[in-house]
Amino acid sequence: MIRFENVTKIFSRGTIPAVSNLNIEIPEGTICCMVGPSGCGKTTSMKMVNRLHSITEGKIYIDEVDNSTIDPISLRLDIGYVIQEIGLFPHMTIADNVATVLVEKKWPKQEIGKRVDELLELMGLEPKIYRQRRPSHLSGGQRQRVGVARAMAANPPIMLMDEPFGAVDHIARVRLQNEFLTLQEKISKTIIFVTHDIDEAIKMGDMIAVMREGKLVQYSTPEDLLSTPADEFVANLVGGNRSIKRLHLIRVSEILNRKVATVNMSDTLEAAKKHVIENAFNVVYVVSDTGVLNGFIGKVELKQEGEFVKDVYRSYPEIISDEATLSDALSVMLSNGESYVPVVDDFEHPLGAVSLEDVFKAVRQDD
Amino acid sequence: MTDSGVNINSAVISAEESVSPTRRFFIGIQKSGPVLVPLLSLAAMIVLIIYMVNNPGGAIEARILNYGNVLRMFREHITLVLVGSGAAILTSVPLGILITRPAMRRYTPLIDNPVNVAQTVPGLAILALFLTIFGLGFRTAIFALWLYSLLPILRNTSSGIQGIEPGIIEAARGMGMRPWRILIRIELPLALPIIMAGIKTATVVLVGSAALSTFIGAGGLGELIVTGIDLMRPTLIYTGAILSALLAILLDNLLGSLERYLRER
Ligand SMILES: Nc1ncnc2c1ncn2[C@@H]1O[C@H](COP(=O)(O)OP(=O)(O)OP(=O)(O)O)[C@@H](O)[C@H]1O
Ligand SMILES: [Mg+2]
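Sequences listed follow chains A and B, in order. Throughout, this note's numbering is defined as the position within the first sequence, counted from one, plus 103. Throughout, this note's numbering is defined as the position within the second sequence, counted from one, plus 22.
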């Protein structure tokens, strides 16, 4: 648990406080998103937790211990830290970057190697390929993954993440967010997650702290933030169309109830035809021998020349996992140009489909 | 997860496998460059010395160009350069590290300015200046050469460290690295190419400056050049000049190898 008690930060005397009288409590195992415009004091608040900045007034308690009484080095060794600009060490390999804290903690070499591989795998980076690479030879998204892996290396109970997914495009960010949420369900860290993207805050946060000019404007759950914004500033930040924002809050898995029949590549078109006619969207999924969703057959494909499924099937430009939000689902529908979106599990085995109608219904129910 | 890194990697490997024999030959030369160039310059020096001793081209030249004499001057020259730049490295690198410590930043000008001024005084004048204090000989020469190479090494050490992206240092601090660990694991490795560039520049310049030491009786290859000027014997001038040029190339390359070794460690 992290608790800010009347925390104020003044960088130099006479200037206005970067953070003033901040009071928040972040329960064990939850994500607190700090959100607000640039310069509102998010990074400053976070850096006072691991004492990169001193506190001018007030106290920060970590598990009921005043953090100013803890030696800064051991404090930092036990708090994961993902910096705003990633801050990977360019002269070190990925493995050495990830191992930084473990080396400082004097872990035995063998265990470090094992842990590094474990972390790289956890972050979806094949150790054999990436262990010996330099950060400059990674994509932006991969670098962010390494940054997160490095922060988690010694399995710290607390993580400070300063715009950890800030430097990548929207699609990569959505994927990183979903993966991280799935991970968090398993690891249950206490996390301060700084972002200036309100959509990201709504999606990632168990609680959201909205800040403005160093002051806390509202501290509440995402649902409360959307339904009862504290003032006009928060209402503007959240944006006009709040039911659209609510799409970020609902997972596909929560509303998934449509099954779609599947056929194999080697099945005949005749067999597929029956399913297509019965299905609400007039499609049948085409799966490989291992059950992976390869594509679909719809009415158009049925009319084409060919005897077997494999001769005429078409693949989807985009599919989504059941961990995705309704907002992700909606945007895939738009880009696929269909009124439904295929949903798959972690192994890309089809789970069913979500339709535009399902999405509408979910948002209306929530009202 | 289908980030494209995997494909790029396999592309690189296959490209390496499919190079033609001629290309491989040139790649081989490139790779052996670190060994080849020092060996070549060393060989050139030996050949030059043997040739000049056996073909001095005149009686006066022959008296000066004998093995004992040339090797003595050569040894003196190398000693001047190595001791001078060695002493400069041992003072400038720690000083450069010191003035980049956060607590010391505001004293930086206090050290920077005198060193800057020292650099603007011509080498010959420095020699003359210290002559009056230390008298003739080796020690004066070493002192002047040391003073002369302080600046490039100090400058490069401090700017190499200061040039590191602040985010990198902050990440290291935030992860709980102690200041001296940050220095050793992050700052020095990242600043190494720039520090080494300063050391290389200083050393190469020193090979030239050391030739002036002969004016205060410290010997070195400068003796060959100055004698050549006095006696109007160009052969002596060329021999001295080419030998010191080759020595500069040799040292530059050896330092380059040292840098590569340090970086890969
Ligand atoms: N080291 C510092 N010295 C002086 N002032 C600082 C320092 N760091 C931050 N500030 C000031 O404190 C205020 C809050 O900065 P902070 O970095 O916390 O903002 P932020 O909310 O993280 O913004 P962003 O979204 O742009 O990262 C700003 O006005 C900034 O100029
Ligand atoms: Mg910030």
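The hints are simulated quantities; they were obtained by calculation from the structure and are not laboratory data. None of the values given here were measured: they were computed from a predicted structure. For every residue, glycine included, the Cβ atom is placed at its ideal position computed from N, Cα and C. Check the hints yourself; a few may be wrong.
Said to hold, decoys possible - Short derived list, chain B residues pointing at chain A, Cβ under 7 Å:
hint, residue
1, I186
2, P188
3, A193
4, L210
5, P211
Stated by the list, open to error - Taking lysine to any residue pairs in the SDA-like style, the calculated list, with each CA pair at most 20 Å apart, reads:
hint, chain 1, residue 1, chain 2, residue 2
6, A, K150, B, I206
7, A, K209, B, E187
8, A, K150, B, V143
9, A, K209, B, I206
10, A, K150, B, R285
11, A, K150, B, P188
12, A, K212, B, A270
13, A, K208, B, I206
14, A, K208, B, I191
15, A, K212, B, M254
16, A, K150, B, G189
17, A, K212, B, G189
18, A, K209, B, R200
19, A, K209, B, G189
Status of the hints after comparison with the structure:
1. For I186(B), the interface hint is violated, the least distance from its beta-carbon to any beta-carbon of chain A being 10 Å, above 7 Å.
2. The restraint placing P188(B) at the interface with chain A is violated, with a minimum CB-CB distance near 9 Å, outside the 7 Å limit.
3. Below 7 Å, beta-carbon pairs count as interface contacts, and A193(B) has one with chain A at about 3 Å; its hint therefore holds.
4. A distance limit of 7 Å between C-beta atoms decides the matter here; for L210(B) the minimum to chain A is near 10 Å, and the interface restraint is violated.
5. For P211(B), the suggested interface contact is upheld, since its CB lies about 5 Å from the closest CB of chain A, less than 7 Å.
6. At roughly 24 Å between alpha-carbon atoms, K150(A) and I206(B) are farther apart than 20 Å, so this suggested pair is violated.
7. Simply put, K209(A) and E187(B) have alpha-carbon atoms about 26 Å apart, too far for the 20 Å limit, and the pair is violated.
8. At roughly 48 Å between alpha-carbon atoms, K150(A) and V143(B) are farther apart than 20 Å, so this suggested pair is violated.
9. Restraint check: the Cα-Cα separation between K209(A) and I206(B) comes to about 16 Å, which is no more than 20 Å; the hinted pair holds.
10. With a CA separation close to 32 Å, the supplied pair K150(A) and R285(B) exceeds the 20 Å bound.
11. Using a Cα cut-off of 20 Å, the hinted pair K150(A) and P188(B) holds, with the two alpha carbons roughly 15 Å apart.
12. The suggested pairing of K212(A) with A270(B) is violated, with an alpha-carbon distance near 42 Å, which exceeds 20 Å.
13. Distance hint between K208(A) and I206(B) is fulfilled; the C-alpha atoms sit about 16 Å from each other, no more than 20 Å.
14. For the hint pairing K208(A) with I191(B), the CA-to-CA distance comes to about 18 Å; that is within 20 Å, so the pair holds.
15. At most 20 Å may separate the alpha-carbon atoms for a hinted pair to count; K212(A) and M254(B) exceed this at roughly 67 Å.
16. For a cut-off of 20 Å, the pair hint linking K150(A) to G189(B) stands: about 13 Å separates their Cα positions.
17. With a C-alpha separation of about 27 Å, the suggested pair K212(A) and G189(B) falls outside the 20 Å cut-off, and the hint is violated.
18. With a CA separation close to 13 Å, the supplied pair K209(A) and R200(B) stays within the 20 Å bound.
19. With a C-alpha separation of about 24 Å, the suggested pair K209(A) and G189(B) falls outside the 20 Å cut-off, and the hint is violated.
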